[in-house]
Amino acid sequence: MIVRARGARKQFGDRVAVEQLDLDIPAGCCFGLLGPNGAGKTTTLRMIYGATEPSAGTIEVFGIDVARDPRAVRARLGVTLQENVMIEVLSPVENLRVFGRYHLIREPELTRRIDYLVDFLELESHADVPVQNLSGGFQRRLAIALSLINDPELLILDEPTTGLDPAVRLALWSKIRALRTAGTTVLLTTHYMDEAQRLCDRIVVMAQGKAIADGAPAALIETHLRTEAIEIECSSEQESELIRLLADEPQRMRAGGRLVLYVDDAAAVLPVIDSIAAEHGHRTIRPTNLEDLFLHLTGAQLEGGA
Amino acid sequence: MKISLSHAFAVWRRNASMYGRTWMFNLLPNFFEPVLYLVAIGIGVGAYVSEMAGMSYAEFLAPGLVCVAAMNGASFEVTYNVYVRLTYDKAYDAMLTTPIGPDEILLGEVMWAVTRATIYGGSFFVVLVLFGLAPLPAALLAIPAIPLSGLLFAALGITFSLRVPTIDLFSFYFTLFLTPLFLFSDVFFPLEERLSGIWLWVAEALPLLHPVRIARAAFRGEWTPILIWDLAYVLALAALLLQGSRAAVRNRLMN
Ligand SMILES: Nc1ncnc2c1ncn2[C@@H]1O[C@H](COP(=O)(O)OP(=O)(O)OP(=O)(O)O)[C@@H](O)[C@H]1O
Ligand SMILES: [Mg+2]
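Heads up: the protein sequence lines correspond to chains A and B, in order.
Residues in the first sequence are numbered from 33 upward in steps of one, following the working numbering.
Residues in the second sequence are numbered from 29 upward in steps of one, following the working numbering.
Chain B extracted, bound-state conformation:
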């Protein structure tokens, strides 16, 4: 059956209505995380680093943290929150009594995760502008990297969520998958200066690397053809994972 965008949007609106009520507890706390990193590491540790890749450390850190903020926003949404809606709120059981089907639930949730990623990434971007760490207008070109990170990590997270039996396993996803990505994806140090040979190729598999590279290129006002690969990687992997999730959603909701 054809996917109905308007029904997917109704799923999105459900989450929007709910967070309209609880955003103080559900949305606000995560916003501070990248700000703390920026201050502690970018400005604190950065005081001892004369330069990195030709710029101040805070400047180096800034674009990567935008993508990290988006990654975290999307990831929380499609792991813990989706799990709660699935298991405790039974929101999807309710939707399946209406014309909404599993494909619309998947699409609506991904759209919402991208929205949340954009709220986090976007508000952190504003913080950077206020700190004078986002060179305008060039840095504006980094804004598309925010929903792209959101989309990528929504797809990765939901792929994981749909296959885990209990909520306890999400901590593995965060500590063994997202945290290493956060630490080794060009956010804190330029990967290509630490790696050589085959490892440079292996590192290309890291999902977060690609949106970070796009954001950093925009902040620097540089264009390189490798960005096409980065964009293609994000879109292709997201598409692949979401296509794979369609059957998983059906299985999980309609067994």
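Same shape as in the complex, but just chain A:
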């Protein structure tokens, strides 16, 4: 295992950010940490790379106890933080140079490494422009380049694509895949379920500091939800009517005026649905996805509220 956490817990004052967390991240895996805002994802990552010590429990990375020897652990991993932390007045190349020195990488190795990363993350067009003048997407690519300066065995990405346009996201995904193929273990957090579904071999869903689901995305969906999702517009009266008419009560989730029903065979229930809610806009039938699972696991509070 590259990362092994047992009973990890983190408390800030009397606020518990992470509780009783067990993680096993095997080598070569792309591992996703999902969860709503404040679920404890960033805190979990910080404990893994030793930026904060667990209040209880143990975390081993590369078989090393992080609390005991964070330097040895951090020498072998790279972290892209949720917020970009470059030196704004310096250029990408200068930032890479500063970061390389943090790892005590010397010349000529440092220049060789920088050249490689400028090429790999396609930074050459603005390699000498101060970071403050660069677009969000370019800055994010640089942030990832910085975390790769020491050729890490484990790459930790905290929301790598938040706030980026679709083209940049696609480009970053392909970089992350390339790294994985080359043998780097990747641990990422994201709020985008499509990202997790495309990139991750395994995910853990966290809510309020606890892991509430753990497994391969497809397997998790299968365990928790039926295979097909039907989205319709309908009122709660129509919903009650619908449930009364259907033989077995389907899994469902409501978001405002929109209802999602999860069923094994959509075709079989469509006549009933159409008889109730046909006039209310269009309905969508699609395979159940990670977003459904995520909302099912974490979004219970949305049912009555938003």
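Do not take every clue at face value.
Distance condition first, Cα-Cα at most 20 Å in a straight line; then the derived SDA-like pairs of lysine to any residue [said to hold, decoys possible]:
#, chain 1, residue 1, chain 2, residue 2
1, B, K118, A, Q229
2, B, K118, A, N116
3, B, K118, A, E85
4, A, K207, A, Q229
5, B, K118, A, V121
Think of the hints as simulated: they come from the structure by calculation, not from any bench.
Given the structure is predicted, the values throughout are model-derived calculations rather than measurements.
With the hints as your guide, set chain B with the ligands onto chain A.
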């Protein structure tokens, strides 16, 4: 864990790279401050003072202002600049993703503050030489007082910085701590001629007094055993404060 000097040096290099780019705005302005004091008070006011402690007023003022320049350089660095790196630049969060730990961050920042103090104190020293106010070669012995002032005020400032919740409180540090020190530490008038009895002992607590006394002794080419006390005071207080800051840095960065 053992403190890694090479990682601390990487922290120092980060600041050096950055100021290599912005020194015109970040380093240059403060340089003029002691020069203005020297001209306005040393030469301007000094014209009405026939002598002080047996020398011209500008001559009296010169060594103290060297230490003040160093004090200001170090103090700005470990207050406003450290705070900006901590809170806005998140430089330390970035460092903590690398083999650099909190001890190396503390040491690197203190080394950088001492460097900046030495740049200010050193360039002001050169100004004094040009004005003919630094008797050579004796005054060269005052040069160690520059990094010593830097070290002392880096330690004092960082102790304060690590414990304040907002940047607004730094103005208290400057107006209620550094400014009184500046005015009452033998820089403008010989303290021992104004104080007596117990107050002479109380005044020994003033941090700036000690590097100023070392610098002035060098400028005069005099040696007294009290300089050993001055040196011991600076080194011991700095060591004590920095040791105390180790836990504070951890708390602040890694809570
Ligand atoms: N340094 C800290 N001091 C006090 N509380 C903290 C600290 N860091 C995190 N917390 C709290 O711990 C909880 C988990 O925060 P964390 O940043 O780990 O969540 P997250 O899952 O990364 O959220 P997001 O998706 O918004 O980034 C939150 O309630 C947060 O307010
Ligand atoms: Mg987060």
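Q: Tell me, in ascending order, the numbers of any earlier hints that this structure violates.
A: Hint 1 contradicted; others consistent.
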